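Take a look at the letters that make up each chain.
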Amino acid sequence: MAPLLAVTVALVLADSAVVTLALPDILQHLDASVGQVAWVLIAYNLVLGLAAVPAAMGFSRVNTRIFSATGIAVFVGASAVCAMAGSIDVLIVARCVQAIGGALALVGCLEQLVAEHGERRGVATWVTAGVIGTALGPVVGGLLTQAISWQAIFVVQVPFAALAVPAALAVRPARAVPGIAPDRHRPAVRANVTLALLSAALTAALFLLVLLLVQGWGRSPATAAITVSVVPIAALAARPLARLLQPPPGVEIAVGCFLVAGGLLGLALPPSANLAWTIAPQALVGLGLGLTVDRLTFRAMEMRLPRARHAGWTIGARHVGVVLGLAILTPVFTADLQDAQVPAQEAITSLVLDSPLTPQDKIAVAQALGSELTSQQGQVPDLHPAFAELNLDPEERSAAAQLERDLNAQLERAATRAFRDSFLIGAGLALLALLTVIPLRRRRKP
Amino acid sequence: MSAMPRWVALPVAALVLVSGVVWVQLANGGGTYEPLHPADACAERAVTSRDDGIEGLAERLVLLGIKDAACSLGVSREALTLELAQPGARTDAQIDALHEGLLSAVGRMKKDGSLPRASELVDGALDSANLNGLLERAIRAIPDSVVNTALKTDDVLIRAIDDLDLRALLTNLGNQDDLNQQIEDAVTRAVKDSLTARLRNLL
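Note that the protein sequences, when read in sequence, are chains A and B. To convert, count from 1 in the first sequence and add 22; that's the working numbering. Just so we're aligned: 118 in the working numbering is position 120 of the second sequence, and the numbers increase by one with no gaps anywhere.
Heads up, some of the hints might be wrong.
[Claimed, not checked] Pairs of lysine-lysine residues, derived as DSBU-like cross-links and limited to a Cα-Cα distance of at most 30 Å, are as follows:
hint : chain 1 : residue 1 : chain 2 : residue 2
1    : B       : Lys190    : B       : Lys109
2    : B       : Lys150    : B       : Lys109
3    : B       : Lys190    : B       : Lys108
4    : B       : Lys150    : B       : Lys108
5    : B       : Lys190    : B       : Lys150
6    : A       : Lys384    : B       : Lys108
7    : A       : Lys384    : B       : Lys150
8    : B       : Lys109    : A       : Lys384
[As the list claims (entries may be wrong)] So the derived list for chain B, only partly shown, Cβ under 8 Å to chain A, looks like this:
hint : residue
9    : Ala7
10   : Gly28
11   : Gly29
12   : Glu32
13   : Glu57
14   : Ser74
15   : Thr79
16   : Leu80
Read the hints as simulated data drawn from the structure, not as lab findings. Given the structure is predicted, the values throughout are model-derived calculations rather than measurements. Using N, Cα and C, we set each Cβ at its ideal position, and we do this for glycine too.
Hey, can you work out the whole structure from these sequences and the hints?
And the structure:
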């Protein structure tokens, strides 16, 4: 039973970023605007963030098995509707319902995992499943989008989660712990604030990086998915590293925030559009993720009752953090991409004017590029159609091919430059998270 | 002396890792991976063309002319090109700068000896001109020395540039046939005027 519940937790949290690489396909397939398609991502995180605490509050009044099974069933049903959505509005509404089901499922699964494994192992399983889901979401989403379609992201979730419904109904309820008042502990404000800021920074890392790879550098969703898999792999290496060096939890969290900030700084400064330049910065982000998110979640929940409510606060903090990250970063990089158009156009003009083509071919290239750039307003343009339609002499073709490569290199440069500020803001959010970890004053010795 | 606390190892390792990654990125040009910046329009720039004939000459003239015009307008060559490529009204300053830029390009090419002699342009001009066969053969039969004595390239070009309606020319940028016709008319008139002036001087 427990593995299915853990998979459900991973699925619900993976859904936070699973559609990131599918957004361009969704935009095209559902004929949506960039603003609308962003809500496919934002709506889920916002609703999950806002619903988590109320779900946890309602939890105490309902039978655990029914609560969990209902949440998972709603999540399954909404996932199926997402897969079948014929319009962007239906998809966004289904994502909201999916998030409500997800919030119920997360709270219910926590209690059921504790009932199955005991307090320590149950919470650890719940937290670890969440971290794995969060880190793997964009990778799995990208691979499914490339291999099958964006709908496949939602279809594959249905059987896994559907199997978890009977599993949730079969778990024996935990015995109540006598003598503990239900509202005994306040939420761990500092740990949750750190979690929110760090989630905002991690959103920058995952969301912006996949956008840069796919939209800016023209890589396929599958290539982007494989590239960003460095983050979850590095996250797995974080725990053995922490075990080896045995730092206190506070130091571990602070170092994790610093590593995320350093990784984002590295992503802001790639020397070229070669994917290899993203690997080391991503490894830093992954290590930071592995050192912080589970440790912070434990810290926010440790010895606090009722457990479900504090779990709700951590879910709320993480997903409100994701929304905060998207809310801060989306306008910044959208404006920066807009601003990058003029330098990119000037660089393209310079290369076309100085290209070793005949005057007639230069004019033909300029006209083809002009109409292509006009038709692709609002996104990083694909220049290949402009070159493909040219009728060039055989001796001109190699020069035109070289020009196309040079122009694409300029576009990659412009896109990379446009993402720089957003990555730096992400690094700033991680440093802000680091500041919240530093103790305000020393405890006096007795 | 107390030993260094064990927990210091992780922060030190993190510091080394982050510094190392950022240093490698910066050392390989990380901070400067940006689009090509337009060159200063007032700086000297060598201009070449794949075409040796009239079209190559026109290309070099236009490239130098736009560069000089951009310099006098205080913008980059690329910014002015993009602006002129857009449909819409041109300012008097742009038209004047372009006119002056083209004239200055002729002067510079004459000075550096890159302006071809008139005889080198006759074949190309006749290929694109729509003359009757007899007249075309007659012109081709004129010895180069006579052509070069009768016509000076810089004089023809300056007359053609003065004659060109640059505002109308820029409006027709999207229509290659109209553009060619306007330039051809201006060059033909310039050749006639240059020959007439030459004859007048001889008489």
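Hint numbers not upheld by this structure, sorted from lowest to highest: Checked against the structure, no hint fails, so every one of them is satisfied.
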